[in-house]
Amino acid sequence: MKRIIARSLYTLVVLFVSSVAVFYAIRLSGGDAIAARLPASATAEQRSAFRDLIGLNDPIYEQYLNYMGGVLSGDLGRSLTNNADIFDMLLEHGLNSFILGATAFALVFVIGVPLGMLASVRRNTWVDNSVMTFAVGGMAVPNFWLALLAVWLFASTLGWLPSAGCCSPRQLVLPAIVLAMEGIALTVRMTRSAMLENMEQDFVRTLRAGGLSETRIVGKHVFRNALVPIISLAGLRIGQIIGYALVVEVIFGWPGLGQVLVNAVLRRDYPVAQFFSLVLVAVVVLSNWLADVGYTVANPRLRKA
Amino acid sequence: MMATTTTQPILSIKDLRTSVSSGGQTFDVVRGVSIDVYPNEVLCLVGESGCGKTITALSIMRLLPDPPVRIRGGSVEYRGRDLIKLRRKEIKSIRSNQISMIFQDPLTSLDPVFTIGHVMTEVIRNHRDISKEEAESIGMKMLHEVGLPAPERRFHSYPHQLSGGMRQRVMIALALVLDPDILIADEPTTALDVTVQAQILEKLLEEQRERHMSMLLITHDLAVVAAVADRVAVMYAGEIVEEAPVDELFSAPKHPYTQGLLRALPQVSYKRDKLESISGLVPPPQMMPPGCFFAPRCPHALEVCWEEHPELTAGNGAKFRCFNPQPFQP
Amino acid sequence: MTAEREAEARRVSWEQQLAVFEEEQHVPPSRRMVMRMRHNKLLLLGSAIGILVLAAGILGPWLSGADYTAQSFQDTHLPPLSEGHLLGTDGLGRDLAIRTFVGIRVSLIVAAGVTALALVAGLVLGMMAGYFHGWSDKLIGGIVDFVWGFPLILVAVLFAGGLGEGLFPVILAVGLVNTAAIARVVRGEVLSLSEREFIEAAHAGGYSNFRIMWRHIFPNILAPALVLASYYVAVAIIAEAALSFIGLGAQPPLPSLGQMVADGRNFLRQNHWESTIPGISLVLLVLSVSLIGDGLRDVFDPRLRHEAKGVDDK
Chain A
1 MKRIIARSLY TLVVLFVSSV AVFYAIRLSG GDAIAARLPA SATAEQRSAF RDLIGLNDPI
61 YEQYLNYMGG VLSGDLGRSL TNNADIFDML LEHGLNSFIL GATAFALVFV IGVPLGMLAS
121 VRRNTWVDNS VMTFAVGGMA VPNFWLALLA VWLFASTLGW LPSAGCCSPR QLVLPAIVLA
181 MEGIALTVRM TRSAMLENME QDFVRTLRAG GLSETRIVGK HVFRNALVPI ISLAGLRIGQ
241 IIGYALVVEV IFGWPGLGQV LVNAVLRRDY PVAQFFSLVL VAVVVLSNWL ADVGYTVANP
301 RLRKA
Chain B
306 MMATTTTQPI LSIKDLRTSV SSGGQTFDVV RGVSIDVYPN EVLCLVGESG CGKTITALSI
366 MRLLPDPPVR IRGGSVEYRG RDLIKLRRKE IKSIRSNQIS MIFQDPLTSL DPVFTIGHVM
426 TEVIRNHRDI SKEEAESIGM KMLHEVGLPA PERRFHSYPH QLSGGMRQRV MIALALVLDP
486 DILIADEPTT ALDVTVQAQI LEKLLEEQRE RHMSMLLITH DLAVVAAVAD RVAVMYAGEI
546 VEEAPVDELF SAPKHPYTQG LLRALPQVSY KRDKLESISG LVPPPQMMPP GCFFAPRCPH
606 ALEVCWEEHP ELTAGNGAKF RCFNPQPFQP
Chain C
636 MTAEREAEAR RVSWEQQLAV FEEEQHVPPS RRMVMRMRHN KLLLLGSAIG ILVLAAGILG
696 PWLSGADYTA QSFQDTHLPP LSEGHLLGTD GLGRDLAIRT FVGIRVSLIV AAGVTALALV
756 AGLVLGMMAG YFHGWSDKLI GGIVDFVWGF PLILVAVLFA GGLGEGLFPV ILAVGLVNTA
816 AIARVVRGEV LSLSEREFIE AAHAGGYSNF RIMWRHIFPN ILAPALVLAS YYVAVAIIAE
876 AALSFIGLGA QPPLPSLGQM VADGRNFLRQ NHWESTIPGI SLVLLVLSVS LIGDGLRDVF
936 DPRLRHEAKG VDDK
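Chains as they are written, first to last, in the working numbering: chain A, 1 to 305; chain B, 306 to 635; chain C, 636 to 949.
If you're looking for bench data, these hints aren't it; they were derived computationally from the structure. Please note: incorrect hints may appear among the correct ones.
[As the list claims (entries may be wrong)] Derived BS3-like pairs: lysine-lysine, alpha-carbon spacing no greater than 30 Å straight-line:
#1 B:Lys-624 / A:Lys-220
#2 B:Lys-390 / B:Lys-437
#3 B:Lys-319 / B:Lys-390
#4 B:Lys-508 / B:Lys-446
#5 B:Lys-319 / B:Lys-394
#6 B:Lys-319 / A:Lys-220
#7 A:Lys-220 / B:Lys-446
#8 B:Lys-437 / B:Lys-394
#9 B:Lys-624 / B:Lys-394
#10 B:Lys-394 / A:Lys-220
#11 B:Lys-446 / B:Lys-394
#12 B:Lys-624 / B:Lys-446
Values in this document were obtained by computation on a predicted structure and should not be read as measured data.
Next up, chain A with everything else stripped away, as it sits in the complex (with noise of 0.2 Å):
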């Protein structure tokens, strides 16, 4: 428990630096670009008064208060491409986002897990030779390649599924898969080597000697054991998918929050950008402290009774 208290409270400390250097990041170089919307006939003091204006020469400091207080209030301003309010944008994207990522999410343990522990306990036969090339395939092939691949097969030739868009289910699958892909590959891995590890341990051989079946002892007493270093990485993987997610949104047009910051890197929309970062930086900062929370709950030995 002291832990987690302790590891909170570095995640605040974490969420405020981490989001006074994205503001400051930004800021930096966008407040000059915001400036050249002006025509390019405009002066030298017209510049600096437009600048005073939107309050680019105020100190740091006092613009990331009036930022954060904006933030905080719920005015977020608006986007420099489409006038769009940022707020309706996250709104509206971010649950497009949560749809994809959390189906990833939820893919990856549902495929990665079994797979692994398939792997284990038929160690050394085709079966786990095969599930171990597939894992290492699913690492090496970059997803962006694989979701051509996979639009190339299952639109473009087979026309089972779309190749792009939003939102029914139909069309959650390949990007939903290909996102999914890198953490299930790690997932086997992980969950192979940790259920092959907890097997030699010499509780196994107590229950054994209890009388146990082996199928029970695998499937509930190794398997348990197994899933204490699987559930504390949970938290990893969604930072990682939130990584590839840019990606992936990017390419099957899927609108979520990825793919609007992306957009927004490449058009210069600053004020998108800023918080859309922000946005993220702070959902992998919360997921890593789940991270942390998991560790310590899935193993017994961590929790002070």
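Let chain A serve as the given structure and place chains B and C on it in line with the hints.
Chains B and C only, in chain A's frame:
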């Protein structure tokens, strides 16, 4: 209790052979071991590390880690059946139910993510068709019997919350809760503090007497043997080299290895000039001497000892494996 | 009397035989490791592919001497094995072979080159933090704990947001995240090592801190650090490619494998090679790095065969 020569053994190991594979090569580590365990007695199996005593014990209930270690021959007779030849289902019903085993390191021998009560209940209900509440109460009573303080609370504890001695008591409780005929104890006290060792040994003896159980206790510590054994079997390099009732073994050992072990015991009663030890080391399994395995280290080795392998010779209640036994000089 | 002497003679000759046997069994650990390396199929396969790809990346542009920016309006979309263009051309008539080679080079420099630097930095920082404890550990540990878990792509996008497009933000991101990841693992290993008895013994023997670090700690952490670094090289390659695929990262005319795949995306039906050739190069690149990493891990610790990488517990 002493066994008389007219009773039948409850467990009879005959010519057991077990091999280990490693790095592409296979070696025998148990080479034709035959021991009988009689009802209601404590038999100690003594030897140094690597002599094969643990593997012999594990072979009884077929708890060997099979890819590297395999039983190659022999039989283990219990209640008219050869345990080596039993089907998996049958051997599982014997484990903990009729024959139990406790192991050396209680630290790692318990599942860390479940409470000890949970595991106890699971083992009980695996063999008995009773409700969870019944099993729990049986388990708690057993924890109380083995001397675990605050058994109701400990029932819901995790292994890491208990001390080494407490954990070993839990292991004993787990092993005895279904009232088996035979308990195999593999170095049960080696990993514990000296004071706790005595307590655990006493508890084991108490249980053995009250339940009229047989106990096969494996150890390398002669002090433990002196404290609990009725009979003793000494192992060296995968073979039994001597077997005798405990008093006779300590007063008149026949085999030079046994004699060396006794001589090596630091004596508290009188002062000696130096500590005696047996010269040399156990030979590696790939390089066993052609004749008697102990010949390179034996002070009385003869020519024949290097050429022929001695068999176990029996003589009034005791057996030994030597061509040239000499009287024991402490 | 003679019987005893004969027995004694027997014993002596036996001891000699035993000594010879022990000699034969004993193989120095370094030689054993080399033997393992030679037999390890993963390592061999990975190195074979890796050398091929490396050769393409380093020697390819130099040998062919062509200009990767040269456009040609009549020679567009030529298939492989056309005259003058071994792998064909893309939509702007640029030679695919030379662009692929240069693209490999870019990937290697960004991923492997930067990670090599990160390895050095991570080793130094990690050793300092783990060995000296105190404030340096708190400071380095704090930063590292924060940065290491961040997805590389997100960090690169953030830097791109602040610094504009191009390779520089990507390089910065790779350097930062990889250094943090390596420092974190190194720190953990050093912490556990410095509590081992042989370090205490070295202190008691009066060795200087630097000497202890260099001769006792460093060799023990080099292996896990290398294995980790190889994993992060693979991650960096994929991240850089993914970023250039969506438009960040290397900017035209500098070719990048990811960018090339993106360019060829619209022609998958007729001229798929414009995407598949860079795509396959990428896969080979990542595969060779992964196999070498897995192979190295097997060599350094055979018990961990087929297991997850050291990306776990704190």
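Outcome of the hint check:
no. : hint                  : result
1   : B:Lys-624 / A:Lys-220 : 47 Å, violated
2   : B:Lys-390 / B:Lys-437 : 33 Å, violated
3   : B:Lys-319 / B:Lys-390 : 13 Å, holds
4   : B:Lys-508 / B:Lys-446 : 15 Å, holds
5   : B:Lys-319 / B:Lys-394 : 23 Å, holds
6   : B:Lys-319 / A:Lys-220 : 37 Å, violated
7   : A:Lys-220 / B:Lys-446 : 26 Å, holds
8   : B:Lys-437 / B:Lys-394 : 23 Å, holds
9   : B:Lys-624 / B:Lys-394 : 36 Å, violated
10  : B:Lys-394 / A:Lys-220 : 19 Å, holds
11  : B:Lys-446 / B:Lys-394 : 29 Å, holds
12  : B:Lys-624 / B:Lys-446 : 42 Å, violated
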